[in-house]
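Enquirer: Starting from the given sequences, assemble the full structure and let the hints guide the process.
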Amino acid sequence: MESKIGKFPYIISIILNVIAISFGIVVLTTFFSTSKELASQYITVVRVCYVFALSILLLINIVEFASIFFDKGATKNTLFIALGILLYLSTSRDLFILTNLKISYLVFDIFHFLLLMMTVHFYLRFTNHDYAKSINKKEDIIYLIAAIAVAVIGSVFIVFDYHLVALGMLFALFLFKFLKYFVVIFTKKGLTLVYVIASLIAFSLFGAEIASNAAIQLDLVTYPFGFMTFTCLFICLLFIAIYLIFIVNKTKEAYRNQIYQEQIDELQAAILKEQINPHFIFNSLNLIKSTYHKDMDKGDFALDLLSKHLRNNIQATGGHVLISLEEELKNVKCYVDLAKLQHEKDFSVIFNIEDIDAMVPILSIETFVENCIRYSHITEKEDGYIEISSEEIEDKFIIKVIDNGKGFDVNKVSDNSYGIANAKKRIQLLLNGDVNVSSEIGKGTEITISIPKKEKIEND
Amino acid sequence: MINIIVVDDEVSALHEFLNQIITYKEVNYHFFKDNLDDISLYAKNNSINGAFLDINMPGINGIDLAKKLVKINKDIKIAFVTGLNTKKEDLPKEIINNVIDIVYKPYTIDDINIALNKISNSVSILEVKMFGGFDCFINKRIVKFSSSKSKELFALLVVQNGKSLSMNTAITELWPDKDIEKSKKLYRDAVWRLRSTLNEIGFTGVTFSRATLSLNKENIKCDYYDFLSGKQKIVNEEFLTSYEWSIPYELEISYINEKRRG
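These protein sequences, in sequence, are chains F and Y. Numbering-wise (the working numbering), the first sequence opens with residue 1 and increments by one. Numbering-wise (the working numbering), the second sequence opens with residue 1001 and increments by one.
To be clear, the hints were calculated from the coordinates, so they are not data collected in a lab. As the structure is a computational prediction, the values presented were derived from the model and not from experiment.
Pairs of lysine-lysine residues, derived as DSS-like cross-links and limited to a Cα-Cα distance of at most 30 Å, are as follows:
id, chain 1, residue 1, chain 2, residue 2
1, F, K400, F, K340
2, F, K443, Y, K1182
3, F, K330, Y, K1184
4, Y, K1105, Y, K1144
5, F, K454, F, K252
6, F, K406, Y, K1149
7, F, K425, F, K308
8, Y, K1178, F, K406
9, Y, K1118, F, K330
10, F, K308, F, K345
11, Y, K1129, Y, K1140
12, F, K330, Y, K1182
Expert: Below you can see the structure in the form of C-alpha cells.
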C-alpha cells in the first residue's frame, strides 16, 4: 500500500466538501433562481454530458466487476459504490427533464435517498475495513432503519407538507453520514491518497444531493437542470484519478518487489558457497572412519550427525528462506555436536531458550555459532562456553550468541568471515532486524540479534 | 498387525530397511523393486496399511507410484524415504493427505519407528528403568540423551509420579550450588535438550509449559511405578544410583521393601 499521509489531507477533503456544498447553494441561488427558460444549446450540452457521464460510469462498473475476478485484494465495496452512482445518475431529475417524463418525482426522491445510504455504507466499508468489522453490524442497520423510518414517516406528511419529508431526509442523511464519518476519521491512524479522493467522490455526491434537495425543498429554486450530470462527470474524473494512482502504485510495488527478490536470491546463492566448509566435512569424515573402528554405535551417531548437518546446508538453498527459530536451533545443535566430536577439549554450549514464536533466516544463527567456535578459542579455555539465548522483550525478539573466548577488536575486523556479512544482510533484508556485535579482548564476545515482531497486517 | 510395502530400486537400501524395522514387532512387510505391475497386483489383492517409497527410481517415480496406490486404496498411508530434498508442501494434492512422513536418507531407526507409529496409529511405549542405574528405552533401543543434566531432569520428572515438576524444584535439586541466574540458564538448556531428545524419538508424553514440566504416565512403563503399585513386590537393586537427590526416595523404597518382606 502507498505510504500513509496522515489526517491532514482527509480534513482538507471535508473542508473541500463543505466548500462544494456552499458553492453549490450559492450557484443555485444566484445563477438559476431567475431564468426558467433553458437555452437549447445548454440542453444539448447537458444531454451530451449526461450520455458521456453515463457511459463512463458504465465502463467503471464493468472495470470494477472484472477486478473482482482478477485482483485478489479487490472487494465488492468499490463495485457497489460505482453501481450506486450509476443508478443515481440514471434516475436523476436531469433524465426526467431531458426525456420530458411527467411522473411524480417523489418516489425517485426516496429511491435516491436509499441509494445514497447504500453508497455511504459501502464507502465507509471501503475506507475502513476493520471499522466495518469491529463495529457491530447491527449498529449499521439501526442507522439505516432509523433513516428510512424518518423518511417513511415523513412521507405520511406529504399530504400535509412536502417540506417535512425533505427535512426528515436531510436530517437522517446528515446524522448517518457525519456521525459515522467522524467515528471513522478519529479511529483510523492515517489514510492514503486513494481514500482521500474516494471521499471526495462520496462527498461530491452527497453534497450535490443535499444542496439540490435543500434548495428545492426550501423553495429557493426549481431543480437546476444539469447539476447532477456535471456532478457525476466530476465524480468520473475522480474515479479515473484513483485508477491512475492504483496503476502507478502497483508498478512501483512490482519494481520494488523485483529488486528485493533479486537481493534475496543473490544472498541465498552465496550461502551454499560460504557454508559448505570442506575442511570441516573432511575432518568429520576422518573422525567417523576412525570412530567406526573403535565403536560401531558411536560411529553411527557421528555419521548421522554429519548427514543431518549436510542436509541442513543443502536445504538452505532449496527455497525456504525463513525457518522457525526452533528448526534453526536444531541445525545449530547438530553442528555443535559434530564440532565437539572433533575437538579433544570439551566446551559447553548452553541453549538458554525461552519458547518464542520467531522466524529466522536459514543458517543465520548457525553461522554466528560457527564463527564463534572457529575464532573464539573457547576450546583452549578451562571452562569455555557458548550461550545461545532467546527471549521476547516488548515488541522484539532478542537472540544472543555469547561466548567467553578471547574476544576481538570490533573496530579492526568488520566481519570475521563472509558468512557473517551474508547472515547480517539477510536478517536486515528479510526481517528488518538488527545485528550488534560487542567484544572485549580476553573476556568474550556477544552478538545480539534483534528482530521486530510482525504486526498483524490488515488487508484492504 | 499392520501390512506395509517397501519399494526401492536399490537392493542394499531394502536390506538396510529390514535391519532397522526388525525391532518393531507387529508389522508384516513386503519388499518390491520399482516394478509397477508387481506392486499394483499386490496392492489390489491385499490390504496395505502403509507404503515406504523411494522417490528417485528408474522404473517408476515414487510420487507417481504413490498416486496409483492412493487410487487403489484411498486410506493408504504413504511415507517417502528419499535422499532428495523434497518437502511436504511440494507434493501433488492427490496424495498430500495420505503422506504421513518424509524420511530423509540416511535415516535412523527412530525415524522409521515414528513413521510406523503414524501408520499403525499407535504410540511407542517408553520403558524407564530406575533400579540398577537410570536408563530409558524406546522400541527396545536405549535412548541417548543430549546431556547428562537433561537426563537427570527427566529422572526427576519421572519420580514425581505424575505430579508436575516446577522450575524451582528442579533447580534446587539439580544445581544446588550455583547462583540462581546461572541455574535458570542451565535449567532452560536442560529443558530444551530434553524436549529435543523426546522429539527425536517420537515420545509425546511430556508437556512443556512456562515453568513446569508434566508427564503423562500413560505411555510409560516404569519399574519404579510397578514397585509402588505393587506389581513388583520386592526390589533388590539400588535406586537411581548416580543422583544425590534420590536419597529420600531410596529411603522410602527400603521402608516399603521391609514392610513387604514381612
